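Q: Same order as they appear, the protein sequences are chains A and B.
Mapping of the first sequence onto the UniProt record's numbering: position 313 corresponds to residue 313, and the numbering continues sequentially without gaps.
Mapping of the second sequence onto the UniProt record's numbering: position 197 corresponds to residue 197, and the numbering continues sequentially without gaps.
Some clues are possibly wrong.
Where chains are identical, the list cannot tell them apart; a pair therefore holds if satisfied intra-copy or between any two copies.
What the hints assert, rightly or not - Derived pair list, reagent style DSS-like, types lysine-lysine, alpha-carbon separation capped at 30 Å: (1) Lys112 / Lys346; (2) Lys346 / Lys182; (3) Lys298 / Lys280; (4) Lys547 / Lys317; (5) Lys182 / Lys673; (6) Lys161 / Lys676; (7) Lys182 / Lys378; (8) Lys298 / Lys247; (9) Lys466 / Lys685.
Calculated directly from the structure, the hints in this document are not laboratory data.
Here the structure is a predicted model, which means the values were calculated and not measured.
This is what each chain is made of:
There are 2 protein chains.
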Amino acid sequence: MASLEDIGVSAFINILTAFAFLLAFALLRLQPINDRVYFPKWYIIGSRTSPISGGGGGRRNIVGKFVNLNWKTYLTFLNWMPQALQMSESQLIQHAGLDSAVFLRIYLLGLKIFVPVTILALVVLVPVNVSEGTLFFLRKELVISDIDKLSISNVRPKSQKFWFHISMAYMFTIWICYMLYKEYDRVAFMRLHYLASQQRRVDQFTVVVRNVPRVAGHSISESVDHFFQTNHPNHYLCHQAVYNANKFAKLIRQRERLHNWLDYNQLKFERHPDKRPTTKTGFLGLCGSKVDSIDFYKQKMQELDTRIESERQRTLKDSKAIMPAAFVSFNSRWGAAVCAQTQQSKNPTLWLTDWAPEPRDLYWRNLAIPFVSISVRKLIISIAVFALVFFYMIPIAFVQSLANLDGLEKVAPYLRPVIEIKVIKSFLQGFLPGLALKIFMYILPTVLMIMSKVEGYLAVSVLERKTAAKYYYFMLVNVFLGSIVTGTAFEQLHSFLHQSPTQIPRTIGVSIPMKATFFITYIMVDGWAGIASEILRLKPLVIFHLKNMFIVKTDRDRERAMDPGSVDLPETLPTLQLYFLLGIVYAVVTPILLPFILVFFAFAYLVYRHQVINVYCQRYESVAAFWPFVHSRIVASLFISQLLLLGLLSTKKAANTTPLLVALPILTIWFHKYCKSRFEPAFRKYPLEEAIAKDIMENSSEPNLNLRAYLADAYLHPIFRSFEEVELVEVRVDKHQACVDTPPMSEVNSPSPPHYPPYYGYNYDYDEH
Amino acid sequence: MASLEDIGVSAFINILTAFAFLLAFALLRLQPINDRVYFPKWYIIGSRTSPISGGGGGRRNIVGKFVNLNWKTYLTFLNWMPQALQMSESQLIQHAGLDSAVFLRIYLLGLKIFVPVTILALVVLVPVNVSEGTLFFLRKELVISDIDKLSISNVRPKSQKFWFHISMAYMFTIWICYMLYKEYDRVAFMRLHYLASQQRRVDQFTVVVRNVPRVAGHSISESVDHFFQTNHPNHYLCHQAVYNANKFAKLIRQRERLHNWLDYNQLKFERHPDKRPTTKTGFLGLCGSKVDSIDFYKQKMQELDTRIESERQRTLKDSKAIMPAAFVSFNSRWGAAVCAQTQQSKNPTLWLTDWAPEPRDLYWRNLAIPFVSISVRKLIISIAVFALVFFYMIPIAFVQSLANLDGLEKVAPYLRPVIEIKVIKSFLQGFLPGLALKIFMYILPTVLMIMSKVEGYLAVSVLERKTAAKYYYFMLVNVFLGSIVTGTAFEQLHSFLHQSPTQIPRTIGVSIPMKATFFITYIMVDGWAGIASEILRLKPLVIFHLKNMFIVKTDRDRERAMDPGSVDLPETLPTLQLYFLLGIVYAVVTPILLPFILVFFAFAYLVYRHQVINVYCQRYESVAAFWPFVHSRIVASLFISQLLLLGLLSTKKAANTTPLLVALPILTIWFHKYCKSRFEPAFRKYPLEEAIAKDIMENSSEPNLNLRAYLADAYLHPIFRSFEEVELVEVRVDKHQACVDTPPMSEVNSPSPPHYPPYYGYNYDYDEH
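Next comes chain A alone, as it looks inside the complex (with noise of 0.2 Å):
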């Protein structure tokens, strides 16, 4: 256990590293070079399309395109923190969106719950803790950390001084529940008031239908047309059918590939003129005859041109291309809320309605999942999740005990000599093991992305909740009660399988204290260096400068090879429910835990608030869906706490207490279900009250409004629209021909569709999985 010196020496390290960062990130960004990789979002939403340079000075010479050699403006490198805090929060959801600014709240919400709680258990339970003592008579024959004397460890069984804790319980937890309440409802009328403010928009039109019967003798389309003309008289306007353009969306990729080949190079034959480029035509350019590059390339996309104009217009033609599925359009608001909310057919697997994402948020491939498929699927992947989570040790302790030294003499044995080698002989038995596990932690958001998609969500935003969910069941088994309890997940699902279920809260209570020193170095670890890390952008940095270097010519090219990001929702939100349950469970055991975890709340605020304002450009919009999943499981963790301290008590017996906390865990469930039926319906449902105001008021604003033009393609897969505008419009033309009855649209008064960025913003993974 680590005394407090070596705490001070851990946090004296991270905030080390984290300046480095920090300084790093000051030196960069100033470089107008790297100016596209740390304000990415100016240019994107066009308010920038070149460098500033940094100061006033507008001397610029070939190297002040590089490098800043403003030397004033190093001296304020912290600068961006007073900067990332300007922008008011309207204007935030106006440069950023909802989903951002909302994000955003969960650290101010950390904030606004940890600042008191920390006060009031330093001022009050510190005292308490140490003023009783136990472990100072204890220190001869154990080794008692200093951490320990503050904590509830000291405090002798059956000591009145417990009263103190339990009171404070209750006081946090009434705190807690008071702010997340608050929380949920201004969130609740944020997006109310986002909702209603928006401008008009294709979604708030449209649902998506799934599973629509295919009846012999009619096509999809006919089908959609007749069912939603015969029970929505009023309100129905028209459809977009759903294709299945997978094998087109894979030679679009291959067609980029070879697009990136020949800008490549082009640019390598405009840098050496003498010498044209010339490549292999066998096996990855390795073998086969020699030809000129650019020709190749160019020949090679004409074929493709070909095959992909066919493949199009088969995929257009063909029927059976068209997926069971379609985007319903409703002539108001208040149409397309009620065919979302309600039951359409008498048999409820069959014309599935619901609220479509927008263009930019739907994940194409799962909408022609069947009812049945989708409900086998989420069986087996429960399942994996739970395999995954409980025993994803054991494929690892394979590859670890396949990866060791001799194994790997075994394969390759001209290593031999190198591995003999004492030094590397240690790093690499020090190194190998942990690889295996770390290449798995890398990999483990993809896999669970992975497993989410096959459960066969529509959108995008969905799919990252629910990658988010898995992510955090993860966490919470092998971060938090792995560290606690030792052993693998598996070894203590075995053991909570063999113990009583008030024994499970009663081993981890008891080890909860003795584990703060770990969680202490935990939250600075990761918590501050790699929030700092998160600011600097390497990643990004490298492949914009390679991209840079090898295949841009064009501003065009040059704005593709930015690489924005976003908000990593899978991979934030658990770790920030992390924090979050740390915080609430060791607020009453351990206090002086608490300060670090306000570290980095602000300091995580602030970095991200950066992020988002400069950096990030979001893909979706989903109107701050993920607040009701935050809200829970915040109270899941609070229940959680509560468990672990009635089982820490029991064995400080304090008998006589217990019958008191029994009553917060119920109280908790209770607060939940009401939050639950206050709030969510804001979040899952669209009230016809909204609608019908929005519908009212447009009408009165522009009554001649031509709404069949304006939702006429927005639900046209992406693929169709991806390169010339020459080709948009061809493909409008085929999709009237596909839509019987569709009278020709006057496009006089249609207004355009909405306008998003070319690259960032669609899903392309049309058949990655």
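Go by the hints and put chain B onto chain A.
A: The following block gives chain B in isolation, referenced to the frame of chain A:
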């Protein structure tokens, strides 16, 4: 433990009891005087007005009016059984409603499930168990019952024969799931078909809205009108306010009581015209001055009538008597379906809309409970139910300790000489402690019903379902688990909390085979004899004859004296589910129990079919809304049986088979989830496809229908129309004054509101709790 002979004796006694009941029933039901007790249904639907004499003979004398003298009819005393089976299911639905028909299907489902299971289990498992013969060797030391030789206890640990049991567990699970799926499918179809083929009903067009916000300066009626005219502009028709008629209802009940006394005295006078009956005006008629009874009650009633009139006027006029709830009617089923399924307001706790139950089904009292209060009530009631289930023995033990002989002697010393007589003493000692328990069990359903009422459900049908759920938990814990594991439920809870989760099914599983004989006896006493006593209707018989003797004057009075009752869902559903549980649990363990269950299902089916056809008059029609609960409880039984089998086999050291069995509960849960999403929407929501189809059909058949007039006072509190039709018209006029914007209706085209029998049907217990 009982031997096979003991079981035989018990069976003989119970069969004898059942036959005695049946014989008594056969004799009593043939007497014309009892006709209204055993065939009230026919009087209510109006197809019978006076008793038909048993045989073909039309001879009637004064004796023949009361006693059946046709000896031939006595010979065929069991012919009600084939008679009960004659009616086809579609006739039954027409005759008694879908609820009753589907209720009978539960018994049929029991037969369908258990006939093949019984045959298979007896043919395969019994020989396997017998052939093993472990227990023969043990016989000398232990007392082993013959039943145990046929059960799984007879198979020695680690035997390969457990494969038979495991494969049977799989086959039974698959068969049960298959039957459940088919049945759910069928019932869902029947429900939709019934809804589609139904006559026009007011609840198809009506939605109940709760938590109407009070706006200063506007009445509730104005708010409702404004809100729905804005948000459902093309569909809203009109609404009916809900009056707080608590006090009024109380007066009405007083009047009814007085009326009974008046009738009683008038009848007395008629029979003895020489002596006018007198009564005393004081407390309970025991003291005070003597007055003429008929005059006294007539005068009292007149006084009350004026008070009732003024109270009625006050209720209708006073704006404070209007509750923040309303029945909102739409001009089409589509409009009502949309409103019931969507969210209306930004604040999800206001303007809560839901399908209106049919007027007969409404529990008026709960209409005014606000949202927060409901959520608090639910918390309190769930804690109360938990306490009731696990700690109900504590108050009973307390009462028992008071109600022993010593206590009695102290309270009433003058009883001492009587108590000291030995026979009486031993009788009392055996009787008194059980008395408290008996009384508790008798009032338990009422207590649970009150709890459900406190929870705030709107419809009587829902109240009954929720009561059934609570009763089921009570039976599961106290009858099923309580019989298997010794000790009170509280002791069980305590020991379960201190056992590991894997140990619990083992503890219970081991005891299961040993309790088979107990449950066989239980089935015979509670099932066989209990059902036979159901058909005898002893309580209604006695009450009817008492009423007939003292207060019945006119035919209408006689009609009122009939108490047809209805299927008592809160008690029969949990009982049924307990039998399903027993059958499924013992199918693999002790198959010899199954024939007893089969007899129960077959016999109960016959009895209830007879009762449904001839006796019961349902108070409401919920269109089989209870089926999802029946289904899910049978699935839960399956799940419990699998866990217990797992526990049992793990003690038998058939350890290598355990993993195979783990798959079963997982698949069962999945099956449950699948069925829930596949079928449950049909029971919760009204598909728009159905709604609009019915709208269109009606429009073409009755284009001039005046819907507004049809709906005008459908949801008037039944209290307001309890007596004379004259009053009804008056109220109707009042209502129109209250509902500001309703245009004067043309009565020309108005179809009359649906006619329900005057007394049964309505739920009068307005302020009874």
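Q: For the identical chains here, do lysine 112 and lysine 346 meet the 30 Å Cα criterion within one copy, between copies, both, or neither?
A: Classified as between; 27 Å across copies, 49 Å inside a copy.
Q: At most 30 Å between CA atoms: does that hold for lysine 466 and lysine 685 within a copy, between copies, both, or neither?
A: both (19 Å within a copy, 27 Å between copies)
Q: Between copies, within a copy, both or neither: which fits lysine 182 and lysine 673 at Cα up to 30 Å?
A: within (15 Å within a copy, 34 Å between copies)
Q: With 30 Å as the alpha-carbon cut-off, assign the pair lysine 547 and lysine 317 to within, between, both or neither.
A: neither (38 Å within a copy, 80 Å between copies)
Q: Given identical chains, is lysine 346 near lysine 182, meaning Cα to Cα at most 30 Å, within a copy, between copies, both, or neither?
A: between (41 Å within a copy, 17 Å between copies)
Q: At most 30 Å between CA atoms: does that hold for lysine 298 and lysine 247 within a copy, between copies, both, or neither?
A: This pair counts as within: shortest intra-copy Cα distance 22 Å, inter-copy 91 Å.
Q: For lysine 182 vs lysine 378, is the C-alpha pair at or below 30 Å within one copy, between two copies, both, or neither?
A: Intra 34 Å, inter 23 Å, cutoff 30 Å: inter-copy only.
Q: From the Cα coordinates, with 30 Å as the cut-off, is the pair lysine 298 and lysine 280 best called within, between, both, or neither?
A: within (15 Å within a copy, 116 Å between copies)
Q: When no copy is specified for lysine 161 and lysine 676, does a C-alpha distance of 30 Å or less occur within a copy, between copies, both, or neither?
A: neither (36 Å within a copy, 51 Å between copies)
Checked against the numbered hints above, the structure violates hints 4, 6; every other hint is satisfied.
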